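Colleague: Chains as they are written, first to last, in this note's numbering: chain A, 1 to 806; chain B, 1001 to 1295.
No lab work stands behind these hints: they were computed from the structure. Computed from a predicted structure; not experimentally measured. Warning: the hint list may mix true and false statements.
[What the hints assert, rightly or not] Pulled from the structure, derived: some chain A residues nowhere near chain B, Cβ distances all over 12 Å:
no.: 1; residue: 44
no.: 2; residue: 168
no.: 3; residue: 420
no.: 4; residue: 450
no.: 5; residue: 705
no.: 6; residue: 740
no.: 7; residue: 789
no.: 8; residue: 799
[To be verified] Facing chain B, according to a computed beta carbon distance under 7 Å, are these residues of chain A, among others:
no.: 9; residue: 147
no.: 10; residue: 298
no.: 11; residue: 302
no.: 12; residue: 716
no.: 13; residue: 788
[What the hints assert, rightly or not] Distance windows between CB atoms, simulated:
no.: 14; chain 1: A; residue 1: 725; chain 2: B; residue 2: 1145; range: 42 to 48 Å
no.: 15; chain 1: B; residue 1: 1159; chain 2: A; residue 2: 50; range: 42 to 48 Å
no.: 16; chain 1: A; residue 1: 176; chain 2: B; residue 2: 1040; range: 41 to 47 Å
Glycine included, each C-beta is placed from N, C-alpha and C at the ideal position.
Read off the chains here:
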Amino acid sequence: MNEFVEAPAAPKEETWQEEGLKRRLIGTSVPRTEDERLLRGDGRFTDDVQFAHQLEMAVGRCPFPHARILSIDFSKATALEGVKHILTGAQVRELSDPLTVLRPVPGAPQLPYYALAQDRATYEGQPVVSVVATSRALAEDAIELVEIEYEPLPHVSDAIEALEEGAPLLHPQSLDSNLLASNSDRAGEPEARIEEADVVIRSRMRIGRVTPLPMEPRGVVAVWRPGARELSIHTSTQVPHLVRKQLAESLRLGEECIRVSASDVGGGFGMKLGVYPEDVLASLHAMALRRPVKWIEDRMEHFRASTHGRESIHDYCLAADAEGRFVAMTNTYTTDIGGWNSPFGSSQLSSVVFTGPYRVADAAVERRVAMTNKTPVGAYRGYGQPEVNFALEVLVDRLARRLGKDPLALREMNMLRPEDLPWTVPSGAVYDSGDYVKTLHMAAEAVDYAAHRGRPRTPRADGRILGIGLSAFVERTGYASARFLANRGSKFGAHESVTLRANRSGTIDLYTGVSSIGQSSETAFAQICAEVLGVEFDAVRVHSGDTATSPLNTGAFASRTLIAAAGALREAALPFRDKTLRLGAWALGIEPGDAVIEGREVRHRSDADKRVALADVFSRAILGQGIPHDETPGLETSAHFEPPSAAFSFGTAAAVVAVDPETGEFEVERFVMVHDCGVAVNPMIVEGQVRGALVQGLGAALGEELRYDAVTGQLLSGSMLDYAVPRAADVPPIELLHTEVPSPVTTFGVRGVGEVGTIPPGAAIANAICDALADHGVELSALPVTPESVWRALEAAKAAKKGEAA
Amino acid sequence: MKAADFLYHRAGSVAEAVTLLDEYAGEARLLAGGQSLMPMLNMRLWRLGALIDVNQVPGLDGIEVEGQGDLEATRVGALTRYASLERSPLAASRLPLLVEMVRHIGDRQVRNRGTLGGSLVQGDPTAEMPLACLVLDARVRVESGRGGREIAMGEFYHGSYAAALEFDEMVTEIRFPRHPQHFAFSELTRRHGDFCVLSVAVTGECDSDGRWHDVRIGLGGVNDMPVLAEAASARLAGTRLADDDIREAAALTQEAIDPPSDMRATAEYRAHLVPVHVRRALQQLCSKNRAADRR
């Protein structure tokens, strides 16, 4: 299936010159608008929203990975004073429809994922009963009193085993195996090239299951006013308009009856993309009780109830000629989607970027989506790109060792050059532009790679051996187009939208459906809008994430917000600017062509005495008084913009790691990231985004792991006690370097930046460890990389050597 | 999650606290720093009849020194916060090993609230304080309505999370004998402040002729409670901690351990690490001694 059919648009005229812009604000590290309220404790997260007569909800969850629900007796819970309402699967089925999917897996059937389990639960943590009471503690007391009789059923938690003959079936009514769907993309004749190749490296590479772990867990407050037929939802989401759509579908309401607002949001990372069972449950309770119902996910629930990320097994094959030129690449992989299909499902971008930044004409990829008795997997920062980066970049180093070549030279030999771009990969996606080799050299120079290459891998005075590892990557940011999404059955568009509205204070209200999830969209939007209008940065006030006030949009995910919104901002701001100039010129009695906006005034471009305040101009427009007869009153513009294509960010990371060859303990002493996100609207925000994502990538590389017990199928690391997310003290020193190649496919040349840091840490660190231990013959094939996994690899290498000797 | 209902008492004295403990007959817990107790209540792992807050009880915190020379002892109140130990010049000079290990506990917030007595009673097999107290040969003072007694750290646990206390008993003080001349500490954690994969604390005395005695080797995280590797210690008595002595002693530590497998590491890996970390800690002990000689 083709990623999209058309080639990207030819590079546009330089947008800056076309519009007479001076790059006054774009490219400047304006301090974040969001910071003041957040630092003062004035943020408004879901739990900060309180209503009179509000009740609280708690959810009873299946304690088994797979179980039949034989009976539910809630008589004791009902008898508890303060308990107001209880829902079970049967009522939920009567009152609502299953949760819908926003990004379907092509070829997958619809699964009947109701907000409460029907006769069977397919993962530990699946909601089975929900209770509303006067306090959360009381609701939890009531949950303990609900007597549920379960019949535990055979379960399967390993994605490979789930696809084997005879595995327990999760959804026999919809599927005759646990394979939800499979899709493949190919170009050329990779099998034939592999046959002829001088060297072929094959390996099974495993990527662990992790949790996105936002600081604010999920939460929802539902308020139903039956007389108004209005369901008002406050929730922690990246996509208020999509939540509204999905809730309307599940609750059998018209979209006009639902208002969703989401700001502030304490982090999303892809996990807050769409409706979860608890959103439907809180709404059903609120509608039944006619009282506001709040549910705030606690951290213990979060580990089981919110979608997980990653977990895939890649069978990679990298074939090269004797010089090291890549001649073919194949990747057959299984991605674990868990017990149900979540709104976004498991990672899909592994199929797009599996060939990395390399020139490979013959390549094939096959994606198999496996269902297992575990928490559903959803989108997570990177969405398949960190996974294939780890697999491929580790194998590139393995190939280099096999051929006795320098890993840097091998990468350079195979990398796409600026003149090779645009380049179409097997999925049909097109890498737009970039200088990949430059970032490779910058990363290598920053860690003094050349000097290190020449040194022997012997222990330092502290007993540790130093290694350097590289990882080069491309990252798809944004969506190709609505046409591409339609091909895949997606239930959302590729556009972003804004409304600009003048007010009588002389400032501009900017309305967007993009909620503030920490990505700094309020700041960046104001920068771009102010840039185009010619006003000061603080003359633009951004209002985020409320479906009742914002134009219909797509949402904050896929590193796409700015890719699409930059165009919408420009297209809304240009007519706004022109009308402001016409009205201002009319007020001043000058030609519009002579008028300019500067600061908070419209003035004559050369006669400084001729000036009128924006407040005056905007008042005239709002009142319809003192404007030309042929002008309509009001000053408000909206624009919807869809970029012609996705933009690809790129870069190279280098890790310097010291390894203890006796214990496997290691320390990342330096981590350098060279990165290109095209034109940086706000370099400080870019740095924050890259750093934040790097820390998540380092966490997944070094210790974060959701592990399920092989026998009981239960989550072993389902709390902050056991799940090793890095804390400030655990983050190695990070050095960031940037290049700036404008993308030809986006407004202002921007590329997405939100996810990129998650991509290279795993491979760079694994490669550094293998480099340090090259004399021991150590190979790593799984994330996370832990001291124990390094020790085991050392032991395995030792045993292999012994075997050879014998 | 939110804790189920419980009664809250604020005790004004040790006598009041132990009377309440007796009244609730095992259904009550003392609240000191609350760094383990409160999460357990919130996660509903425990349902309590009552919580008895001892934070207002006077005289339960502080560090005092008594006696001189070999009879010197340091008394630390059970309610003494980790942060107080961390910042106390007296603790730094009298209990340097304890102070070094305190820095490995949790994070700043945990150390501001958590207490020495609380950690001992909690009895986490990976915790730093029980290991430090064991290696330093501390004794734990407990009180109840029936009177007081002292328990040697070596006898303070029945198992993991199981202090050898009766339900009506309360820890009031930890008493340390004179601090050993030399010490070293080594710990492997996944993250700073995390529960350890393993920890090793060693102490010893070195004569002027370079012979070692009273070498104590304490191990955390590799059994259901912190343990002393006694065979290994015995191997080192009277030696100069030569490389062979250390290597052989390190190998003998295997007798003392029965490591668990958990999210942090497998038993096999812990078993591999113990002798390596013991060897390195002993080498550190030696080199510290040599550095002291040079001074």
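Colleague: Would you mind marking each hint as holding or not holding in the structure?
Modeller: Hint check results:
1. 44: Non-interface label stands for residue 44 of chain A: nearest chain B Cβ at 22 Å, farther than 12 Å.
2. 168: Residue 168 of chain A clear of chain B: closest Cβ-Cβ about 25 Å, beyond 12 Å.
3. 420: Non-interface label on residue 420 of chain A holds, nearest chain B Cβ at 43 Å vs cutoff 12 Å.
4. 450: Check passes; 34 Å lies beyond 12 Å.
5. 705: violated (8 Å)
6. 740: For residue 740 of chain A, whose nearest Cβ neighbour in chain B is about 35 Å away, the distance exceeds 12 Å, so it holds.
7. 789: violated (10 Å)
8. 799: Answer for residue 799 of chain A: holds, closest chain B Cβ roughly 14 Å.
9. 147: violated (17 Å)
10. 298: For residue 298 of chain A, the interface hint holds, since the closest Cβ of chain B sits about 5 Å away, which is under 7 Å.
11. 302: The hint is violated - residue 302 of chain A has no Cβ within 7 Å of chain B, the shortest such distance being about 11 Å.
12. 716: holds (6 Å)
13. 788: This hint holds: residue 788 of chain A lies near chain B, its Cβ roughly 5 Å from the closest one there, short of 7 Å.
14. A:725 x B:1145: 42 to 48 Å: This hint holds: roughly 45 Å between Cβ atoms.
15. B:1159 x A:50: 42 to 48 Å: holds (46 Å)
16. A:176 x B:1040: 41 to 47 Å: holds (45 Å)
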